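This is what each chain is made of:
There are 6 protein chains.
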Amino acid sequence: MNARTLNPESNFIEREPYYEAIGSEISIFEAAYANRLPVLLKGPTGCGKTRFMEYMAWRLKRPLITVSCHDDLTASDLVGRYLVKGGETVWVDGPLARAVRAGAICYLDEIVEARKDTMVVIHPLADDRRALPMEKLGVIIEASADFCLAISYNPGYQSVLKDLKQSTRQRFVALEFDYPSASMEAKIVATESDVDAALAERLVKFAQMTRNLKGSGLEEGASTRLLIHAGKLIAKGVPPVTACQCAIAQAITDDAEMLAAVQELSSSLF
Amino acid sequence: MNARTLNPESNFIEREPYYEAIGSEISIFEAAYANRLPVLLKGPTGCGKTRFMEYMAWRLKRPLITVSCHDDLTASDLVGRYLVKGGETVWVDGPLARAVRAGAICYLDEIVEARKDTMVVIHPLADDRRALPMEKLGVIIEASADFCLAISYNPGYQSVLKDLKQSTRQRFVALEFDYPSASMEAKIVATESDVDAALAERLVKFAQMTRNLKGSGLEEGASTRLLIHAGKLIAKGVPPVTACQCAIAQAITDDAEMLAAVQELSSSLF
Amino acid sequence: MNARTLNPESNFIEREPYYEAIGSEISIFEAAYANRLPVLLKGPTGCGKTRFMEYMAWRLKRPLITVSCHDDLTASDLVGRYLVKGGETVWVDGPLARAVRAGAICYLDEIVEARKDTMVVIHPLADDRRALPMEKLGVIIEASADFCLAISYNPGYQSVLKDLKQSTRQRFVALEFDYPSASMEAKIVATESDVDAALAERLVKFAQMTRNLKGSGLEEGASTRLLIHAGKLIAKGVPPVTACQCAIAQAITDDAEMLAAVQELSSSLF
Amino acid sequence: MNARTLNPESNFIEREPYYEAIGSEISIFEAAYANRLPVLLKGPTGCGKTRFMEYMAWRLKRPLITVSCHDDLTASDLVGRYLVKGGETVWVDGPLARAVRAGAICYLDEIVEARKDTMVVIHPLADDRRALPMEKLGVIIEASADFCLAISYNPGYQSVLKDLKQSTRQRFVALEFDYPSASMEAKIVATESDVDAALAERLVKFAQMTRNLKGSGLEEGASTRLLIHAGKLIAKGVPPVTACQCAIAQAITDDAEMLAAVQELSSSLF
Amino acid sequence: MNARTLNPESNFIEREPYYEAIGSEISIFEAAYANRLPVLLKGPTGCGKTRFMEYMAWRLKRPLITVSCHDDLTASDLVGRYLVKGGETVWVDGPLARAVRAGAICYLDEIVEARKDTMVVIHPLADDRRALPMEKLGVIIEASADFCLAISYNPGYQSVLKDLKQSTRQRFVALEFDYPSASMEAKIVATESDVDAALAERLVKFAQMTRNLKGSGLEEGASTRLLIHAGKLIAKGVPPVTACQCAIAQAITDDAEMLAAVQELSSSLF
Amino acid sequence: MNARTLNPESNFIEREPYYEAIGSEISIFEAAYANRLPVLLKGPTGCGKTRFMEYMAWRLKRPLITVSCHDDLTASDLVGRYLVKGGETVWVDGPLARAVRAGAICYLDEIVEARKDTMVVIHPLADDRRALPMEKLGVIIEASADFCLAISYNPGYQSVLKDLKQSTRQRFVALEFDYPSASMEAKIVATESDVDAALAERLVKFAQMTRNLKGSGLEEGASTRLLIHAGKLIAKGVPPVTACQCAIAQAITDDAEMLAAVQELSSSLF
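Protein chains in written order, with my numbering: chain A, 1 to 270; chain B, 1001 to 1270; chain C, 2001 to 2270; chain D, 3001 to 3270; chain E, 4001 to 4270; chain F, 5001 to 5270.
Treat the hints with care, as some may be off.
In silico DSS-like links for lysine-lysine, alpha-carbon gap of 25 Å or less [to be verified]: (1) F:5236 / D:3042; (2) D:3136 / C:2136; (3) F:5236 / D:3061; (4) E:4214 / E:4042; (5) B:1042 / A:165; (6) D:3165 / F:5165; (7) C:2136 / C:2116; (8) C:2236 / C:2205; (9) B:1116 / C:2165; (10) F:5042 / F:5214.
Keep in mind that the hints were calculated from the coordinates and are not lab data.
Every value quoted in this text rests on a predicted model; they were computed, and no experiment measured them.
Bound-form chain A, shown alone:
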């Protein structure tokens, strides 16, 4: 496979993504979408929010345009800007404008990381106006009927400076995500990393031990994603203890004592 280039609007999810529902999140998302209400996903890193959005995009048959937000993301990055190309000045729609026009799902990941003007640009899209003011173009776009807005954030990480303002959050239907149950998580790990059920269960057990250490020296426990990483290394012949060390322990902490403690946990399991 070589590098392949595609337009965001064409980003239809072609095959059903592997997704295990953890509650009624699918039907609530559908009810919100039926009412054209925007949706907010909350939850820790690596617990499946991105996969859920891919699943819903596949289910609703809409293209999925994802924007990972960061400190320097401005409203112009979302809405668009004039660019000079070949002597001509051309307007280039940003990913949000593309989604609004194409009736896509626009998913703004970790929205609170972005600059404050991005919050405001989504306000008129997130109430019953469903409109995107494009000030540099001098027009307002009323969103296509199919357009859907979703945002995510991780309440555990937010500082006071990076909180979701009430005037923003009180526009969204909010869904809370967490790690799956042990049996479902083992099923996911086995399916994704091609290890047997017993090993997957031990990896999940190990993950739960690290999650119990959250707040007592660990900032965050191991996510489902890390279990899949460890499984994949093991499937390529890396010894389980080494795989847990590299794919999990070293990935969640730098603290020497913590690393030793976690190392002991994995030695006791494998």
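Take the given structure of chain A and dock chains B, C, D, E and F to it, following the hints.
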């Protein structure tokens, strides 16, 4: 419905918006407008300020140009700037200049969020000069007789850094907004979300309980808008307790204990 | 009246503005202007500094170019900059350069709000050099003999960060402004808002009550401008107590207790 | 006299400026210039540093290029930049490069206010290399033999953040300035403002009283410049007490008690 | 040898770099690469991380594109930007986009030093999407199958402000690096600097002494690289004590007492 | 002599600079250069670091390109940038790229003052890669064999914010500079300023007295450069006490008491 593009000056509100007056705000706005005095709307998020502006725009038969202010909004964003298009440099009026020329209502939402130069650019528009200096064009525009300036802010959120200066606020006639009375709010919820009166009343009761928690763990109570969201989800078949959880509780707080407390309140009601 | 566009240099005040002198400010301004000394106006918001400048501009028969200063105002905004228009690069004078060339009065309102380079650009204009260095053009302009520089600031608002430096202030003749005497203020309110003398007097009495609360919960008392606003609303049929609430009380404070106290004051008067 | 435009390099001081030497500053400056050593002037605002530079420029028959430094002044502002004019890109020398080429005196007033890159750009000019690296042009200019660099700063105002670094100050011959002696100051005031000797003496006496208050409520005493302002107002018919109030007291402080105290001082004298 | 210019994509490592493995890092990197999992290298400066990447690039026969991250590095620096060249506007891929297209190894050294938008731009490349959104071009590139992402950071230096977020680190397989064992380090020093084994051993002994002082006055001990520097100076005739002083002691600290202590250590050894 | 313009690459030092070695710095620099190791010069201002670099450039017969670093110096300033000239966009190498191509000595003076991206751009030049990545050009330059990198910093001035990071300093051979011995310094002063030996000795004695005050009221003692300044003024007829005051005392401090104390010292000597 597909995406539709329109000019801000053409943004006439065609149908009478649904608006229930909570006091004499309509007649005071009309007296201020008759004297060409600018108006300041104060109040919490989701209590109807935007809807009131739509209603007044419809009543006064003027186009409504709304600007949601934010940390990075500068005077140039409001007044206009030169853009290079197709080899030519063209001046593009910002939304404020458009409103000044077209005799529209310019509504600057959450004005204190904007950068400080925006305050200053509205000063000569907000006293008896009613003029907009456009320094980059090198001209001054005296506003059309129909032009109307309105701004909003939420006193509850303001920090010392983002306060409305006396030299700004002492130019406006100020209207205070709050949540409607229980019976009116139930009427609004029923009308907007298509649920029956009994359910709407219970949603309002639930909202009032959350509003009483403001300051004791909740930053803000549930707005009228959130009740409408819950109503809409219920109307699509989501069970009331789940709808209250997703549309209201999770939308106003991330705190686990608070969520449990609010959950109990809703379970006792539905 | 439709929107009207004019050049700053043509901003002659055609009709004598209504201005009641509160001391010898007119003759001192004239003596300073005769000596080509720059003038600094100090005083609270809404007490008539802008009106005084309009009056002096009318009296001295010079165009008046006002710049409202703010956090983002740079020296280039005052002096000018190169702009690209229609393929050509053109120099566009800023308002200060226009005034220097045209022999106008340049009035920099709230100068301390501007960025620091603006202070420095006025230094050589504010001593006996009376010259404006235009570094981007590579020239120095010696001001027209008629040119007059005036600045204002409000000592009550300044923080340590936004103080007028001694090297700046020790270049100006300084005039202190305050609210007019009760009888004069009543006369001004009656004249400007078209209410009868008795009502105007009661409005002034109310204003004085709020001014006495300055420092005990109010950041600033009601300015003359707000009394005129209240008068205008009353003249359009708004009941006096409501007019005082919207035009005065809500315009000067957001504090619920303070609002109640001020409300009582107005109820006792009207 | 209308506005007149001139090039910085042509800024020869044609008539001998009125300057009263306060020590051996003239001969030391001449010895430094003979050795091509740069000079640093220290002293409070309004005590005659600028006038001294004009005098030396006249005496040495070199053009004087003055740059008032500020928070936003960058090395490019001093050295030069590319500008696009009429389709062509042209290099425009900044004032420092002009002085270096033309063998002028470059006087950087309040150097510590400028951005840090300005300090560095003068370093190779301020040691025996006497060279200006122009990085954007890709060349180094060795200064004309006549070139002279002088800078000023006011030690009383500097904060820790805006101190002259040892690596900068240890390149200059430093001259300290202060207010002139009483008799000389009276002579200067009488000469410049056209008042009689007795009044000039009383103004100087008044200035000395304010200077004694420095540190006890006054940030800085009245400068010689302010005495000249007061003298000029008096010469136009303003009563002495009023002139002292507007030209001196209000120009040095905003503090109500201090103003009253200073007012009493002036009343006792005039 | 004169200066030679080459394209990043052509940066194949032609000769096997000298690299001594300290554990199973080579096989774990290969297992991660086989699963297309990104890799994070942790460890102190000068311990061989860069050399390891050169070795893996040679082993995997992929070009190596290294980016040294810093405070001002933005996502655009990595992804690319439009540049105007000869009248035409051309898109120029950044080093990350080049690596994604060419199937190279992209090694982001000291990633936490970069601006926050860089973190986000690598997120979709660092999970199973393996895609690079190029927002300014308006396209998404799916990475070539050969593409490999590696990042490094030094946990010892990180402040709270410059920590690797859990949402970033939980995407990587992490390898911890440290100084080699004494015998291996001596072998490396002798090989690289052409000194005899005995001297190399004494240099390593000296290095270990400085490493023991870490935390008691030294921020960091001497790295392997510094030992090679000292060896090279000695090989050119510099006396060992002087070489240790210049190449090691002065390179790790400025503290006079610490320098004296370290000097004594080296005197006792050589 | 008129202003003369030259290219940095042609900056060969034609005559042997006057330099008195204070230790083995010349041979260590030569050994480092023979190994192509970069060099770091440490020491206080005015003690001869710049002169030493001129001397080594003369000795090694390489052009010397000096960059004085400052807060706003970016990697682009060192590496180069695209400039638009006469309708064409041209790449202009920065001083570092010029040195890398021409095999010059690039001397970055006070490197820690520069922005952080400059540190990073020199990292691959300062290890055995000896390569300069020019990201905007999209190429990597391998340095000419003659290229030499040298940097300086003054440990006494550095704050925590402006420290040389271990990952930077552990790439350099470090040379420490200090003031010369008394007899050598007297020789230097006599040679450079054309005063007799006795006077030069007294100036050195005076300098040593000020250096003893370092830390007890003086931030830094008098540098050799200042002694030469004083000598030059004396040679032009300025009395020694006055010369010490202007060229030394006022150049090192603003403190009135300190100035008096230093004045007394000089009076006792001359």
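Are residue 5042 of chain F and residue 5214 of chain F close enough, with their CA atoms no more than 25 Å apart? holds (18 Å)
For residue 2136 of chain C and residue 2116 of chain C, compute the direct alpha-carbon distance and say whether it is at most 25 Å. Distance ~18 Å between residue 2136 of chain C and residue 2116 of chain C Cα, so the pair holds.
Holds or violated: residue 1042 of chain B with residue 165 of chain A, Cα cutoff 25 Å? holds (17 Å)
Below or equal to 25 Å on CA atoms is what counts here, so check residue 3165 of chain D against residue 5165 of chain F. Holds, at roughly 22 Å.
Run the distance test for residue 1116 of chain B versus residue 2165 of chain C: straight-line Cα separation, threshold 25 Å. holds (21 Å)
Need the status of pair residue 3136 of chain D, residue 2136 of chain C: alpha-carbon distance at most 25 Å? holds (16 Å)
Below or equal to 25 Å on CA atoms is what counts here, so check residue 2236 of chain C against residue 2205 of chain C. With Cα atoms ~21 Å apart, residue 2236 of chain C and residue 2205 of chain C stay inside 25 Å; holds.
Below or equal to 25 Å on CA atoms is what counts here, so check residue 4214 of chain E against residue 4042 of chain E. Between residue 4214 of chain E and residue 4042 of chain E the Cα gap is close to 18 Å, so the pair holds against 25 Å.
Distance restraint between residue 5236 of chain F and residue 3061 of chain D, which requires alpha-carbon spacing of 25 Å or less: holds (20 Å)
Regarding the pair residue 5236 of chain F and residue 3042 of chain D, is the alpha-carbon distance no greater than 25 Å? holds (23 Å)
Hint violations for this structure: none, all hints satisfied.
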